[in-house]
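Q: Protein chains in written order, with this note's numbering: chain A, 1 to 359; chain B, 1 to 258.
Do not take every clue at face value.
27 angstroms max Cα-Cα, derived DSSO-like pairs, lysine-lysine [unchecked claim]:
id, chain 1, residue 1, chain 2, residue 2
1, A, K235, B, K127
2, B, K127, A, K254
3, B, K230, A, K254
4, B, K144, A, K254
5, B, K195, A, K254
6, B, K144, A, K235
Simulated from the structure, these hints should not be mistaken for laboratory data.
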Amino acid sequence: MSSTVTITDATPPQLAHRLTAARLPRWAPAATAAASVALGCGIGAAAGLESRVQWGLLSALLFLVVSYTVSASVEGRRQAKDRFATSLVWVSFVCAVVPLVSLTFYTVQQGIDAISPEFLTHSMKGVVATLSPDGGIYHAIIGTIEQVLLATLIAAPIGLLTAVYLVEYGRGRLAKAVTFFVDVMTGIPSVVAGLFVLSLWNIALGFQYSGFSGSLALAILMMPVVVRSTEEMLKLVPNELREASYALGVPRWKTILRIVLPTAIGGITTGVMLAVARITGETAPVMMLVFGADFINSDPFDGPQQSLPLYIWQQYSQINNDFGYQRAWGAALVLIAFVMGLNLVARGVARWRSPKGGH
Amino acid sequence: MAKRIDVSGLSAYYGSTRAIDDISMTIEPRSVTAFIGPSGCGKSTFLRTLNRMHEVIPGARVEGKVLLDDENLYGANVDPVAVRRSVGMVFQRPNPFPTMSIYDNVVAGLKLAGVKKKSVLDGVVEKSLQGANLWNEVKDRLGKPGAGLSGGQQQRLCIARAIAVEPEVLLMDEPCSALDPISTLAIEDLIGELKSQFTIVIVTHNMQQAARVSDRTAFFNLAGVGQPGKLVELDDTQRIFSNPSVQATEDYISGRFG
Numbered sequence: 001m002s003s004t005v006t007i008t009d010a011t012p013p014q015l016a017h018r019l020t021a022a023r024l025p026r027w028a029p030a031a032t033a034a035a036s037v038a039l040g041c042g043i044g045a046a047a048g049l050e051s052r053v054q055w056g057l058l059s060a061l062l063f064l065v066v067s068y069t070v071s072a073s074v075e076g077r078r079q080a081k082d083r084f085a086t087s088l089v090w091v092s093f094v095c096a097v098v099p100l101v102s103l104t105f106y107t108v109q110q111g112i113d114a115i116s117p118e119f120l121t122h123s124m125k126g127v128v129a130t131l132s133p134d135g136g137i138y139h140a141i142i143g144t145i146e147q148v149l150l151a152t153l154i155a156a157p158i159g160l161l162t163a164v165y166l167v168e169y170g171r172g173r174l175a176k177a178v179t180f181f182v183d184v185m186t187g188i189p190s191v192v193a194g195l196f197v198l199s200l201w202n203i204a205l206g207f208q209y210s211g212f213s214g215s216l217a218l219a220i221l222m223m224p225v226v227v228r229s230t231e232e233m234l235k236l237v238p239n240e241l242r243e244a245s246y247a248l249g250v251p252r253w254k255t256i257l258r259i260v261l262p263t264a265i266g267g268i269t270t271g272v273m274l275a276v277a278r279i280t281g282e283t284a285p286v287m288m289l290v291f292g293a294d295f296i297n298s299d300p301f302d303g304p305q306q307s308l309p310l311y312i313w314q315q316y317s318q319i320n321n322d323f324g325y326q327r328a329w330g331a332a333l334v335l336i337a338f339v340m341g342l343n344l345v346a347r348g349v350a351r352w353r354s355p356k357g358g359h
Numbered sequence: 001m002a003k004r005i006d007v008s009g010l011s012a013y014y015g016s017t018r019a020i021d022d023i024s025m026t027i028e029p030r031s032v033t034a035f036i037g038p039s040g041c042g043k044s045t046f047l048r049t050l051n052r053m054h055e056v057i058p059g060a061r062v063e064g065k066v067l068l069d070d071e072n073l074y075g076a077n078v079d080p081v082a083v084r085r086s087v088g089m090v091f092q093r094p095n096p097f098p099t100m101s102i103y104d105n106v107v108a109g110l111k112l113a114g115v116k117k118k119s120v121l122d123g124v125v126e127k128s129l130q131g132a133n134l135w136n137e138v139k140d141r142l143g144k145p146g147a148g149l150s151g152g153q154q155q156r157l158c159i160a161r162a163i164a165v166e167p168e169v170l171l172m173d174e175p176c177s178a179l180d181p182i183s184t185l186a187i188e189d190l191i192g193e194l195k196s197q198f199t200i201v202i203v204t205h206n207m208q209q210a211a212r213v214s215d216r217t218a219f220f221n222l223a224g225v226g227q228p229g230k231l232v233e234l235d236d237t238q239r240i241f242s243n244p245s246v247q248a249t250e251d252y253i254s255g256r257f258g
C-alpha cells in the first residue's frame, strides 16, 4: 500500500499516462481520401491543368497533408505521424497499381476486337498485312510456345543444378566466381545475348535462323534468374532437415534430391515460371535469331519461325496502318494472357507443393 | 543389437579452434549415459563425433578413436553414411520432414535406403510409433503432415523415425529442451523403455532429468573462455549426484558454479 503511494508521489504529473485519448472515427481515412480527390480534381479543373496525372498527384499530395493536419489537431502528433506513414503507404500502393491496371485495361480495350477464332487459328500466309484485316497469330503462338519451352528445357536444369552446387557444395573461389558470373549474367541486355548467339551459333558455326537459336539466347537470359531464385529457396530450407536426413544414414545426394528439393519445390517452381514469363516477352534476340515468318513453321530446328513479341513489333512497325495496329494489340492481349496464365499456374503449383504445416 | 562405445583420445576442431580436447570414455550398452555441463563445454560437439555428424559442418574435423564394439568409426575406409545408420540421432528441436506425412516421416530412413515393400514399411511404422509412444495418438491420421503435430508429438515422431532404421546406438541432443513438462515426461518414460534395446546417450541441461533417466553421467567442463572442453568425470549417476569425486562436479550440480 505504502509503496503505491510513493510511486504516485514520485511521478511528475505531466508524465502520468492517460489510457484514453481522442481518436478519429474509423471512416476518417476514407473520408479524407474522398475529400482530397474531390479537392484535387476541383483545383486541377479550376487551374486549367490538362493532364489527369497532375490532378492525381495533386490529390495524393492533398491526402497526405490533410490526413496529417487533421490527425495532428485531433489526436496529437504521434498519432498524426502514424497516420502520415499509413497514408504514404496507401498512396504508393495506388501509384504502383494505377499504371498496371490502366495498361491491362487499355490492352484489353484495344485488343479485344481483334480476337476471333480466325485470328487465333490462322497465320499471315498470303495476307497483305497493310490491305486486309485478315490473318492471325497462330504461327506466332506456336513459335513462342516452342521457343520458350526449348529455352526452359535448357536453362531450368542447368540453373537448378548450378543453384544446388552453390548452396549445397560450393565453397571457396569457384563458388564465388560462379556467383559473380551469375550476377553479371543477370544484367546482360537481351540484345547482347542475341548478338552473342548470332555470332557464335549462326555466323561462326554456320547454323540457319531457327526457333532453336532464339531459344539459346532466351536460355542465356533465363539461366541467371533461375539460379538466383532457386538459390534463395534452397537457402530457406532449414539445415536441421539436412542433418536429420544425414543422421538417418541417408547419403548427401539423396538428401538433396529427396529432402531439400521437395521442401523448396514450391518456391523453385515459382522462380522458374517467373523466369519463363520474363523471356516470353523478349523481342530483340528473337528478331536476330528466329527472324520471323508469315507462315506456320512448327519445326523449331529448321528455318525461321514467328513469335508473339516479334509479331507485335512487325505489325506495329507498319506505319499508319490500322489493320497492323489492330493485329498488334490483339497479339499483345494474347501475350499478356499467356504470361498471366503461366503466373497463375506457378502460384497454383507453389501452393499445391509447398510444405503443409497446418492441421 | 546395442553396442558398447569406446572413445580414446578424441579431440574435435572447428577450423583451427579446438572445441573438445583429448576425451576418453566408455559408454556401456543397454544403458542411458547422460552428458551434463555448462554451455559451450563441448557436450553436443562430442555427441556429434559419435556418429560422424560433426564433420558435416564445413571446416570441422576430428582426431582420435571411437570404437563401436571393435570397429573404429574414424578408421580408414569407414563410410560415414554407414556409421549413421547404426548410430541414430535425435535433435534439440523437433525436425520432421515438412513435405512428408507422419507415415512417410517414420519410414523416411528406410524408404531413402531403398526399402519399398508396403508390408515391411507398414510393420515398421506401427512398431516404431508404438516404440515412441505415439501410435495411439496418430494411428488414425498417418497420412496427415508430420508438421501438424504438437511439439512433443513431433519430437516423439523424430524418435520413431530414428528407431525405425534400427540403430545400435541412439544419441539425443537435449531432446526435451523445447518441450513442456508433460511432453518431457513422455519422452523420459520412453527413454527408460528404449534402453532395453539401445545404447542411449543424452545431452541435457536439466540436472534432474539426468538424475531421473540416466544410469551413468558424464560431467564436461571448460577451463576458461576460449579453452577447449574436457571430460571432468564419468561415473554412476547415483554417485555423481551424491558424492562426486571432483570438486567442480559438485559445485556445478549444486548450483555453486556457472
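Q: Would you mind marking each hint as holding or not holding in the structure?
A: Each hint, compared with the structure:
1. With a CA separation close to 35 angstroms, the supplied pair A:K235 and B:K127 exceeds the 27 angstroms bound.
2. Straight-line distance between C-alpha atoms of B:K127 and A:K254 comes to about 25 angstroms, which keeps the hinted pair within the 27 angstroms bound.
3. For the hint linking B:K230 to A:K254, the alpha-carbon distance of about 36 angstroms lies beyond 27 angstroms, and the restraint is violated.
4. Simply put, B:K144 and A:K254 have alpha-carbon atoms about 23 angstroms apart, close enough for the 27 angstroms limit, and the pair holds.
5. Taken as a hint, the B:K195 and A:K254 pair is broken in the structure, with Cα atoms around 31 angstroms apart against an allowance of 27 angstroms.
6. For a cut-off of 27 angstroms, the pair hint linking B:K144 to A:K235 stands: about 26 angstroms separates their Cα positions.
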